[in-house]
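Top to bottom, those sequences are chains A and B. Here the first sequence is numbered in my numbering, starting from 1 and rising by one per residue. Here the second sequence is numbered in my numbering, starting from 337 and rising by one per residue.
Simulated from the structure, these hints should not be mistaken for laboratory data. From a predicted model like this one, the values you see are computed outputs, not experimental measurements. Positions of the beta carbon are idealized from the N, C-alpha and C atoms, including for glycine. Hints may be right or wrong, so weigh each one.
Partial list, computed: chain B residues near chain A (C-beta under 7 Å) [stated by the list, open to error]:
no., residue
1, Thr339
2, Thr341
3, Ile342
4, Ser357
5, Arg358
6, Leu360
7, Gly388
8, Ala389
9, Ser413
10, Leu431
11, Asn434
12, Ile642
13, Pro645
There are 2 protein chains.
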Amino acid sequence: MGTATIRDVARKAGVSVASASRALNGHRSVTPATRARVADAARALDYVPHLGARSLSTQRSNTLGVVLPDLFGEFFSEIIRGIDYAAHRRGLQILLSNMHGDAEETAAAIRAMRGRVDGLLVMSPQIDAEALANALPRGLPTVVMGSRVGGPRHTSIVIDNYEGAREAVSHLAAQGCRRIAHIAGPADNADALERTRGFRDAAGSLLGDAAPIVFAGDFGEQAGVEAAHAIIADRTIDGVFSANDMMGIGCMVTLTAAGLDVPRDVAIVGFDDVPIARYVTPALSTMGLGIAALGGRAVERLVESIEQPDDTSAGPERLVPQLIVRGSSRRRGTAE
Amino acid sequence: MGTATIRDVARKAGVSVASASRALNGHRSVTPATRARVADAARALDYVPHLGARSLSTQRSNTLGVVLPDLFGEFFSEIIRGIDYAAHRRGLQILLSNMHGDAEETAAAIRAMRGRVDGLLVMSPQIDAEALANALPRGLPTVVMGSRVGGPRHTSIVIDNYEGAREAVSHLAAQGCRRIAHIAGPADNADALERTRGFRDAAGSLLGDAAPIVFAGDFGEQAGVEAAHAIIADRTIDGVFSANDMMGIGCMVTLTAAGLDVPRDVAIVGFDDVPIARYVTPALSTMGLGIAALGGRAVERLVESIEQPDDTSAGPERLVPQLIVRGSSRRRGTAE
DNA sequence: CTGTTAGCGCTTTCAT
DNA sequence: ATGAAAGCGCTAACAG
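Throw the hints in and build the complete structure from the sequences for me.
Structure, rendered in structure tokens:
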């Protein structure tokens, strides 16, 4: 039946449920004889422990809750891969909630994890940090990727989008770009806003461009395509810093199709280093986050936090994106 | 504290836990007055129901267990996306177990879902169908993607890899390829074996090639690179059917880098239609599965099976991959 | 070493 | 309409 309970096992083995439980869980204080009889009974009944019941009793679920926003495929799979791998090697399961909606829905998703997880991994760039902090269960160990949150059991890993953006622009300038445009991300996305801010500052200080060109975007490929049309019409832009890779790719493809040469006519740098970036022609230069590594690191911190309930130290961790130079922006024989 | 229980709420509202429960769950037999008092108490205490406890009591977790093999990123994210989307709109959560190991580990992962999920979604190509069938919990509604399994509560969605392979080869032949090679997948992967079988049969019947060339592979990009070297050395091969897209891409890139023209010198068709296929140059022709759709369909069937415990009908469902012609194999002005 | 007894937090008869 | 009590399946004191 597959539905045998520990009581059935105990009965069949002729012992109490307590002994059965001990035997099954490998407690030392069980006579080899009983242990064997319980094991036999369990096997005979095809017994599988009911983990839900066990968690209720032990206050431990060996499960990590993961709440992610509606991510683009590449980014999503990478971060999940990192999380999953790290969790898996620690014998932890993943309860996943991918968000397609607003802040309220996110809050609901977080609540729905109550009593089913030992800790929470949240990534929610579009929700403002304060709303997020309020939605987080007070007592539950949580690691937020993206926004910076504080609180007793809550910590965060933040990406230094501002610095990354500055470095991207600086690289383009070093490649000889004199007029650099930016394709921005969603207006309600914290990461995107920081990247845009970094761009503006860098364009100002490096190129003396007080009012640099910024195209609106939404992280989707199509936004890059549209920016490309504007760039083609403009004829003066010779560099593009895109707030993420997909828009950069859309832009590059369109530029190339129109007969422009990337990087000679227009050099392009993206952000994220999604796997696709390496496969387009030319390969896309980008600010690499080590997405999978980020997910894995988040799990590590979460596990630490779960295992040391009193350790209140551990401030936010800062991740600085690394410039990865590829064909889309390499004009001179830059080694890397 | 975020740790208030229903008892706390009941006490604060001055009612019994039973009434609190009824009020919280919107049962009709509760006086508006009590309902309000309970609601107030809950809000004041920041009460969040403990879903683990609720499932134990109701025998319902509103959670779907998902067990996947170690998939390549693109494929993985697509299938999860499909599953997640379908589950999400039904208010179901996903308990994820990504497998990195062998059959025994897969069986363990499946067992670990006991008592935490209402149904199981399993994809496990490398494990043989029989072992898989044995590992599945008897009573739990399950949908297997890939292998064909039977049993009372178990059903499956299978991909017609054989037909897909035949169609790919047929297309290459129609494009004028006379000597078509195949890059095979892992020897322990059921899907891969079927694709290879389809290739052999088609090569035999369409080209009269009794001993067609088959390169060993493992679904990784590098295997495609190696096959490409052999193809370059061979000088007679003018068509390639790769058992998946990534190997096809690795092959194509290497061929192109060596100065060969794809599709003129060598035409290539892959399998899966991962998102990257559209972004390489030329874009990769492939046998499209509608990966996300597959995941979504699997959820649908699983939900049906969960909600109709007695409906034993529903045999395996067959999915036929569709040929998607792109630049890597279009030699003549084929419309599509 | 083993059995008895309480729970974990919630839902649900069964009375009242 | 409400409360008392039983129970979901398991673990963990506490005695013996």
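Here is how each hint holds up against the structure:
With 7 Å as the threshold, the beta carbon of Thr339/B comes within range of chain A, its nearest partner Cβ sitting at about 5 Å, so the hint holds. For Thr341/B, the interface hint is violated, since its Cβ never comes within 7 Å of a Cβ in chain A; the closest pair sits about 10 Å apart. Residue-level restraint check for Ile342/B is violated (minimum Cβ-Cβ distance to chain A is 11 Å; threshold 7 Å). At its closest, the beta carbon of Ser357/B sits 15 Å from a beta carbon of chain A; the interface hint therefore is violated under the 7 Å criterion.
With its C-beta approaching chain A no nearer than about 20 Å, Arg358/B sits outside the 7 Å limit, and its interface hint is violated. Taking 7 Å as the C-beta cut-off, the interface hint given for Leu360/B is violated, the closest approach to chain A being about 13 Å. With a least beta-carbon distance of about 4 Å to chain A, the hint placing Gly388/B at the interface is held under the 7 Å criterion. Using the Cβ-Cβ criterion of 7 Å, the hint placing Ala389/B at the interface with chain A is satisfied: the shortest such distance is roughly 6 Å.
This hint holds: Ser413/B has a C-beta 3 Å from the nearest C-beta of chain A, less than the 7 Å allowed. Using the Cβ-Cβ criterion of 7 Å, the hint placing Leu431/B at the interface with chain A is satisfied: the shortest such distance is roughly 5 Å. Interface hint at Asn434/B: satisfied, since its Cβ lies 4 Å from the closest Cβ of chain A, which is below the 7 Å cut-off. Taking 7 Å as the C-beta contact cut-off toward chain A, the hint placing Ile642/B at the interface is violated, the least distance being around 15 Å.
Among the interface hints, the one on Pro645/B is violated; its C-beta lies about 13 Å from the nearest C-beta in chain A, farther than the 7 Å criterion.
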